[in-house]
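With chain A fixed as given, assemble chain B onto it according to the hints.
If you want the building blocks of each chain, they are given just below.
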Amino acid sequence: MSMLGDAISHAILPGLAIAFLITSSRAPLPMLVGAALAGILSVTLASALAAARRVREDAALGVSFSLFFAGGIVLITLFARSVDLDPGCVLYGLAELIPLDTRPITLLGMTAEVPRAFPWLLGALLLNLALVLIFFKELTLTTFDTSLAAALGFAPWAVHAGLLASTAATSVVSFEVLGSILVIAMLVGPGATAYLITDRLSRMLAWSCAFAALAATLGYALALALETNIAGMVATITGAQFALALLLAPRHGVLAKSYRRLNLAVRIASEDMLSTLYRAHERAAREPALDLAEASSLLEPAALDPSDRVVGSRLACWLARRTITTRGLVRTDPAGTLSLTPLGVDAARETIRAHRLWEAYLATNLGLPQDHLHAPSHRVEHFLTPEIQKRLETELPPEATRLDPHGQPIPRADRPR
Amino acid sequence: MDLEALYRTLSLADSTTRVVLLGTGMLGLCAGVVGTLGVLRRRALVGDAVAHAALPGVCIAFLIVGERNVPALLIGALAIGLLAAWSIALVRRVSRIKEDAAVALVIGSFFGLGIVLSQRISERGNAAAGIDSFIFGKAATMIQSDALVISAATLICLLVVALLHKELRTLCFDRAFGESLGWRMGPLDALVMALVAITTVAGLPAVGAVMIVGLLIIPSAAARFWTDRFGLTLIVSGALGTLAAIIGTIASGALPVPDSSPSKGWPTGPTIILVAGAAFFASMLFGPKGGLIAQALRRARLSRTLAYDARLPIDRADSGGRPLP
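Those protein sequence lines, which keep their order, are chains A and B. Convert by adding 1 to the 1-based position in the first sequence; the result is the number in our numbering. Convert by adding 898 to the 1-based position in the second sequence; the result is the number in our numbering.
Chain A extracted, bound-state conformation:
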């Protein structure tokens, strides 16, 4: 429903224009009623079009709000050019004028000068807060599992309509001060930012409010410092917040994700390197003529048989090489030949065991031919936890757990050290 704010804030223009033409004043109440009616009408039109099924939802929204906006511009150009209801202030808002447009309010014997828009916005805030708190369960359910909500008799359409109405009301109340652009930015920006930070709806709501308040304060201060438009600055800040969150968010941020991905790549590459060396040791034990130096050249990614190659980018391979060296899993003799240390042998045994168990499983239980075993096992060997390995062992006949289908020994998990 993200584009709804956009649609509504454009579509209320004719409502404002008509209300202005009827009352010929900028009194808030008729303007609000006109705007709300136009907003609801435009959304109804959009959903009616979408229900016709020939027009998709986004296109229906586009048809509806551009028509309304066009109508609004025509009305204003024709009838209301002379007054201060010009299209520009609909877009930019009049945040600059708030301090000049105040009226006294008496509450509990105290009188305070508050901006004219303040009571309206406060009312909208309280109403939305109350609605969210009262219907939190319904909102959660409808948001995440509409069919379950329907099955439980929660009438998702009513929740949907309520959300729509409160979005419309909020847009209408806000836009006089903020302009339609800031309404769009504020309706979507903080929420989207919060969605990158957390997975729980309740926390997301709190984060979203915090981000919105931060953007408003920061944008206002910056706009004053740079002497520019307040609404525009706040909208820019909401975008910047989102961009930062996209980059830095702990779980869903781009940096966090690429860090996790790189970690995995390094693990896979180092396991590949260790198991390659392990196989070279095995071969060297069988054929004493074979030189271990040949094996170390195998660690160069390009030198390997494609089905055998160390998986990972250049960076991941370099990091993996460093990791296994600094952890003391491999050692380099003066001639530059790599070999596994006892620790390295232990580490490699785990991967080799996973690999050969999987090969045995594929051959025995799935009946795959010999030449189809290595490639899939080479991929899956990094993800077979000890529990899965135990399962594999119980599903295999005992003799198959000792020798893999190629006749190589499968290392045991609990080898005494």
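There could be a bad hint or two in this list.
To be verified - The calculated label-pair distances, taken between Cβ atoms and stated as ranges, are: (1) A:148 / B:1183: 30 to 36 Å; (2) A:129 / B:1193: 57 to 63 Å; (3) B:992 / A:221: 28 to 34 Å; (4) B:1207 / A:129: 49 to 55 Å; (5) B:1200 / A:22: 42 to 48 Å; (6) A:370 / B:1193: 53 to 59 Å; (7) A:129 / B:1180: 39 to 45 Å; (8) A:123 / B:1183: 42 to 48 Å; (9) A:124 / B:1065: 52 to 58 Å.
If you're looking for bench data, these hints aren't it; they were derived computationally from the structure. Every residue, glycine too, gets a C-beta built ideally from N, C-alpha and C.
For chain B alone, coordinates are given in the frame of chain A:
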């Protein structure tokens, strides 16, 4: 209605009218064709984002060039518009934010930046004149070079669509099939976005940011009620766009204006959109594919058949062997 003015417009007596009609007509054609691709790719609102992102582009170009040099401003708008389209695609790819939220975000923040920049420009004493017209559009003041830019953009877009017609159709309806043929669907998708961006930017000076979206979406949505075939949809949509633009332009000069109004005619861009809207509702009513009347007829026929079939065989025999409807 001012008949004389209408006659003057229709006879193409003034060169201004010819230029404006050429410009808006070409724009309608281009937007109709390109918009169809956008709507079929479910990217209808990306044009909206590009249009809004054009404002900071125009401002940045203005700050760099220092004067109202239309080609420079348009290039700036195109660059930032493409950046906006690319950021939407990026946000969708790397995060779990959905496309519509990404669109709204980009619209809000880019346009906000545009407002900030344009106020800075006007406060520095520069004539910000001309930047505002990029938001609302001023078709009536279109000059020959504007019309030429639009025509060039239209020809490029039409050429691309004509040459890649088969590939684009595959992209719109069976992307996976295209991939299995070894076609590069990613760049093709980016090309569609670029076409939308070019159309949007070319139309900005004429009809403005909000209206260009209407011109992209409405004709193609209307064309869906007339045909199921891809090529025909493109043609119908292009024709509807052209017609709406031409009729709207003529109407904006010829429709009556209240005496109190300072403006000489209806604003051209919005009038074009309203005409397109009328064409859309007519299509929705009368279109043979899913139009309301066609649907009602089909439903009535179906329920007659069903009612007949539902009767017991013995009743049917009683009805004297009336033939199936």
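Exercise. Do the beta carbons of residue 370 (chain A) and residue 1193 (chain B) sit within 53 to 59 Å of each other?
Worked result: Given about 57 Å between the Cβ atoms, the range holds.
Exercise. How does the Cβ-Cβ distance of residue 992 (chain B) and residue 221 (chain A) compare with 28 to 34 Å: does it lie in that range?
Worked result: holds (31 Å)
For this session: Check the following: the C-beta atoms of residue 148 (chain A) and residue 1183 (chain B) are separated by a distance inside 30 to 36 Å.
Result: holds (34 Å)
Exercise. Does 42 to 48 Å hold as the CB distance between residue 123 (chain A) and residue 1183 (chain B), or does it fail?
Worked result: holds (45 Å)
Problem set entry | Consistency of beta-carbon spacing, residue 1193 (chain B) to residue 129 (chain A), with hint 57 to 63 Å | violated (39 Å)
Exercise. Residue 1207 (chain B) and residue 129 (chain A), beta-carbon distance inside 49 to 55 Å?
Worked result: Between residue 1207 (chain B) and residue 129 (chain A), where Cβ atoms are some 53 Å apart, the hint holds.
For this session: Can you let me know if the beta-carbon spacing of residue 124 (chain A) and residue 1065 (chain B) is within 52 to 58 Å?
Result: holds (54 Å)
Problem set entry | Distance restraint hint 42 to 48 Å, applied to the beta-carbon atoms of residue 1200 (chain B) and residue 22 (chain A) | With a Cβ separation near 47 Å, residue 1200 (chain B) and residue 22 (chain A) satisfy 42 to 48 Å, so the hint holds.
Exercise. Taking 39 to 45 Å as the hint, is the beta-carbon distance of residue 129 (chain A) and residue 1180 (chain B) inside that range?
Worked result: holds (40 Å)
Comparing the model with each numbered hint stated earlier shows that hint 2 is the single one that does not hold.
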